[in-house]
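Chain P: place on chain Y using the hints.
As you go down the protein sequences, you meet chains Y and P in turn. Its first residue numbered 1, the first sequence is counted upward by one per residue in this note's numbering. Its first residue numbered 1, the second sequence is counted upward by one per residue in this note's numbering.
Since the hints were derived computationally from the structure, they do not count as laboratory data. Check the hints yourself; a few may be wrong.
[Said to hold, decoys possible] Here are the computed lysine-lysine pairs in the DSS-like style, where the Cα-Cα straight-line distance is at most 30 Å:
hint : chain 1 : residue 1 : chain 2 : residue 2
1    : Y       : Lys-352   : P       : Lys-577
2    : P       : Lys-557   : Y       : Lys-52
3    : P       : Lys-568   : Y       : Lys-339
4    : Y       : Lys-352   : P       : Lys-557
5    : P       : Lys-578   : Y       : Lys-301
6    : Y       : Lys-322   : P       : Lys-464
7    : Y       : Lys-322   : P       : Lys-574
8    : P       : Lys-572   : Y       : Lys-352
9    : Y       : Lys-301   : P       : Lys-572
10   : P       : Lys-445   : Y       : Lys-301
11   : Y       : Lys-14    : P       : Lys-568
12   : Y       : Lys-76    : Y       : Lys-128
13   : Y       : Lys-160   : P       : Lys-557
14   : P       : Lys-578   : Y       : Lys-298
15   : Y       : Lys-177   : P       : Lys-557
16   : P       : Lys-548   : Y       : Lys-160
17   : P       : Lys-445   : P       : Lys-464
18   : P       : Lys-548   : Y       : Lys-339
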Amino acid sequence: MAGIYIHIPFCKQKCTYCDFTSFPNRLGFAEAYMACLYKEVAERGKMYKGRKFDTVYIGGGTPSIVDPKYIAGLMKQIGNCFTLSPGPEITIEMNPGTVDAHKIAVYKAAGVNRFSVGLQTANDEQLKDLGRIHDTADFVACADLLKGENFSADVMLGIKGQTQEDVKATIDLVHQKGATHVSMYALTPEDGTPIYTDYLNGELPDGDEVASLYDYGRALLKEYGYLRYEVSNFCKTGYGSRHNLNYWKRGEYIGLGVSASSFMDGKRFTNTFDLDEYMKCILSGYFPVIESEDVGEKDAKFEFIMLALRTVFGVSAAAYKKAFGSDWREDFPAYERMKQYFEEEGDVTRIKEEYLYVQNQILTEFME
Amino acid sequence: MAKPNQNLRNFCIIAHIDHGKSTIADRIMELTGQVSKRDMEDQLLDSMDIERERGITIKLAPVRMYYTALDGQEYEFNLIDTPGHVDFTYEVSRSLAACEGALLVVDATQGVEAQTLANVYLAIENNLEIVPVINKIDLASARIEETKQEIEDVIGLDAENAPCVSAKEGINIRDILEAVVHAVPPPGGDTEAPLSALIFDSYYDNYKGVILFVRIKDGAVKVGDVIKTFRSERTYEVTEVGAFAPFLQPKETLSAGEVGYIAASIKSIEDVAVGDTVTNALRPAAEPLPGYKSVRPVVFCGIYPLDGSKFLDLKEAILKLKLNDASLTFEPDNSVALGFGFRCGFLGLLHMEIVQERIEREFNLDIITTAPSVSYHVRKTNGEEFFVDNPSHLPPVSEIEYMEEPIVKAEIFTPPDYLGSIMDLCQDKRGVFKDMTYLDTRRVKLEYRLPLNEIVYDFFDELKSRTKGYASFDYEIAGYEKSRLVKLDILLNGEVCDALSTIVHEDRAYARGRMLCENLKDAIPRQLFEVPVQAAIGGKIIARETVKAVRKDVLAKCYGGDITRKKKLLEKQKEGKKRMRKVGTVEVPSEVFMQILKTNKDK
Numbered sequence: 001m002a003g004i005y006i007h008i009p010f011c012k013q014k015c016t017y018c019d020f021t022s023f024p025n026r027l028g029f030a031e032a033y034m035a036c037l038y039k040e041v042a043e044r045g046k047m048y049k050g051r052k053f054d055t056v057y058i059g060g061g062t063p064s065i066v067d068p069k070y071i072a073g074l075m076k077q078i079g080n081c082f083t084l085s086p087g088p089e090i091t092i093e094m095n096p097g098t099v100d101a102h103k104i105a106v107y108k109a110a111g112v113n114r115f116s117v118g119l120q121t122a123n124d125e126q127l128k129d130l131g132r133i134h135d136t137a138d139f140v141a142c143a144d145l146l147k148g149e150n151f152s153a154d155v156m157l158g159i160k161g162q163t164q165e166d167v168k169a170t171i172d173l174v175h176q177k178g179a180t181h182v183s184m185y186a187l188t189p190e191d192g193t194p195i196y197t198d199y200l201n202g203e204l205p206d207g208d209e210v211a212s213l214y215d216y217g218r219a220l221l222k223e224y225g226y227l228r229y230e231v232s233n234f235c236k237t238g239y240g241s242r243h244n245l246n247y248w249k250r251g252e253y254i255g256l257g258v259s260a261s262s263f264m265d266g267k268r269f270t271n272t273f274d275l276d277e278y279m280k281c282i283l284s285g286y287f288p289v290i291e292s293e294d295v296g297e298k299d300a301k302f303e304f305i306m307l308a309l310r311t312v313f314g315v316s317a318a319a320y321k322k323a324f325g326s327d328w329r330e331d332f333p334a335y336e337r338m339k340q341y342f343e344e345e346g347d348v349t350r351i352k353e354e355y356l357y358v359q360n361q362i363l364t365e366f367m368e
Numbered sequence: 001m002a003k004p005n006q007n008l009r010n011f012c013i014i015a016h017i018d019h020g021k022s023t024i025a026d027r028i029m030e031l032t033g034q035v036s037k038r039d040m041e042d043q044l045l046d047s048m049d050i051e052r053e054r055g056i057t058i059k060l061a062p063v064r065m066y067y068t069a070l071d072g073q074e075y076e077f078n079l080i081d082t083p084g085h086v087d088f089t090y091e092v093s094r095s096l097a098a099c100e101g102a103l104l105v106v107d108a109t110q111g112v113e114a115q116t117l118a119n120v121y122l123a124i125e126n127n128l129e130i131v132p133v134i135n136k137i138d139l140a141s142a143r144i145e146e147t148k149q150e151i152e153d154v155i156g157l158d159a160e161n162a163p164c165v166s167a168k169e170g171i172n173i174r175d176i177l178e179a180v181v182h183a184v185p186p187p188g189g190d191t192e193a194p195l196s197a198l199i200f201d202s203y204y205d206n207y208k209g210v211i212l213f214v215r216i217k218d219g220a221v222k223v224g225d226v227i228k229t230f231r232s233e234r235t236y237e238v239t240e241v242g243a244f245a246p247f248l249q250p251k252e253t254l255s256a257g258e259v260g261y262i263a264a265s266i267k268s269i270e271d272v273a274v275g276d277t278v279t280n281a282l283r284p285a286a287e288p289l290p291g292y293k294s295v296r297p298v299v300f301c302g303i304y305p306l307d308g309s310k311f312l313d314l315k316e317a318i319l320k321l322k323l324n325d326a327s328l329t330f331e332p333d334n335s336v337a338l339g340f341g342f343r344c345g346f347l348g349l350l351h352m353e354i355v356q357e358r359i360e361r362e363f364n365l366d367i368i369t370t371a372p373s374v375s376y377h378v379r380k381t382n383g384e385e386f387f388v389d390n391p392s393h394l395p396p397v398s399e400i401e402y403m404e405e406p407i408v409k410a411e412i413f414t415p416p417d418y419l420g421s422i423m424d425l426c427q428d429k430r431g432v433f434k435d436m437t438y439l440d441t442r443r444v445k446l447e448y449r450l451p452l453n454e455i456v457y458d459f460f461d462e463l464k465s466r467t468k469g470y471a472s473f474d475y476e477i478a479g480y481e482k483s484r485l486v487k488l489d490i491l492l493n494g495e496v497c498d499a500l501s502t503i504v505h506e507d508r509a510y511a512r513g514r515m516l517c518e519n520l521k522d523a524i525p526r527q528l529f530e531v532p533v534q535a536a537i538g539g540k541i542i543a544r545e546t547v548k549a550v551r552k553d554v555l556a557k558c559y560g561g562d563i564t565r566k567k568k569l570l571e572k573q574k575e576g577k578k579r580m581r582k583v584g585t586v587e588v589p590s591e592v593f594m595q596i597l598k599t600n601k602d603k
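The shape of chain Y in the complex, shown without the other chains (with noise of 0.2 Å):
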């Protein structure tokens, strides 16, 4: 398994909690930058040659604010240059404020199949505090065009002045308009972000309410069929996002763009977060890398226990033995006395379910 991530930094303006790579207002350079993400697809493809890729996912910022055409020359480019596993997954972000018909349906014909669609939440007061620029209608209308294909709304906890009621609203919407997967993850107040003062000041719930919203969200979603195979993550069965599946098995993954991070041969790399000398290594014939880490064994390890461990399907003995040779209880001896934390099936070994929303406390006792 391999996947293919793709960066369109651009949005119409920032949320108060994104610390994403995302520049509002640059819309103009759109053109430039798409011209700049085919080089690099056909430089990256060259390198690549002759290796499969399953998935491609194009993530933002806003893919969906940037003219259609430019996605659907994107794929053409990727199709042209790497060589895709036949039933590729192909996902792309949407904001529900900036889509029409006419983008779902170029985005279909250049074979995106899976949508994955940034509600957060279905209280309007809620979505404006967060600088959202939808609201819930803007969202039931989206949905209503992806009705019967495969996707994905994101569900955020921890809103100022959030509620269980407001919850369930949001998820009971998602539900009716027929969904097929859920990412409901806790708002992360990183520092430098609008909403970090609100952090400061104590207006967002606690951990103990966040975890209370959490537990009576993923109960409501198992009312409706959502099962968990990740901390964040419940679908309908069949439809986990196998994209971010491979990041969780530690596959390897290319990013293209700027901010991508990636994962080929051992090592991790990340392209720069500066959007002006992305285009200006990518035009000079450099790739924009300014990070670059090859993963010792040590290091290797205990990723790919902290990923497995994110899933219900937990550590397989066995593709770990695959992967390093030895035996991951006796890499991780903290296991015998955290034993009573976890689950074991055949193979597997995984975090208990009633754990698994604590689960730092293990992994920070499996770094030695």
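Okay, now just chain P, sitting in the frame of chain Y:
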């Protein structure tokens, strides 16, 4: 018999904290050209970082100077700076033994203070000539004549001709130097007698070995001499002798009357002790000089390395500190919760804080300290009697006939506005009121008898916060009294944590137990499971709180771009965990052991 240099003057300075002692020392050095004004850092003698930051003197620091007096002759001065805080009286008494005279600095705006008196009497006991100096005359509130009168009345010294100076403004500093020349006698002794030198301080130098600070009483010492001390049979060849200028300055010989240092490649720290006498191994003196009164520590605490594998580093640090701080006592200790460490004894709370800080700074070691304790006198039913300063060494209640605890005589000086609040505090700390004196309209002296074990926790902090810092406090040990004391244990998740046990008065046990549980509940981070925190006396639970299990501790998202960053977040979290100690299954932050007894109830 040959007399020492008659133009030599060895003296020290005695003063209350903040009466300007270090500034006077600086001015004297400046005037004798010892350091150029330009090069001079303020308060040159306070060279330890902690001293400069806190504005106090902890270590005595000697310095040699040359002064051409008004009589045309050149004199050699050895000045030994001394600390002012009562905790460091031991250091003071050591510097006194190296001198013939003492400058008594009195602040013209404050008059004679209680702590100064103690040191003055020490100086008189040591037969030192005392020269009063009145400082801060530049201040508008200076009361020069009253201060002179007070010195005569309270101490019985003639202060008529006392130099009146301002160290800050550099006024009349020469008067001090002339007074030293005329009032302080030259040293006695015989330069031709066998060597006899009193060690009044020492420290460890990585290249030269132990550096001994000595006052030569008789004879002389030079490079190549073979020396020994009275406590050990080992002999050493002298590699360097010299004076303090104020940094070490080698010279050829040190002879009777002089103050200086000796280096002799002494590597074994245990071989030398402050107060011991150095003599010539080939021509030894008949007997050692009188040493110092040994001091009894009054405050104790456990010191453990944060990283258990650093025990030997801690041992070396404490041994080296001991060289430099003879009043520090220690013995190896072993705690179930904290592993191997030392039980250390101190002369007071400030002394304890300074030692802890010096270990961390000068030896770059992270340490865990337990809450301070005092030494209790225990009589067992079988007649055995002993002292216990470590609560976990207390025998079972059934074997104890009675216990006694140390009591102090405390003096508190305060503006009258805070009297009520201070009396409440003393009452609260089991104090017994003794006396109250109005010193003037703005200052009252309160006298109390207080159990030392009530003072060692948070008395200072409380006093400061209740009086906005206006009250000052001093105490001396007044003996032992029978008391109903119990050992209060803390159980974490059902297991006793020995490092958190305390000895407490029976009447206070319930309140203390409740407070401890409440503080611990806030201090212990939430973990994967619920942690009961209980206080118990002899197996009977008297208080309980619960640290709830953590509910959310997870990386919200972890996709392709996040993996390196999230791994770093986990590493950071792991670093935080390393600062904790595992007590049974429970992780406890290391600072808890020290701070848990502070009753910050107003938060």
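Which earlier hints can't be squared with this structure?
Hints 6, 10, 12 are the ones this structure does not satisfy, whereas the remaining hints hold.
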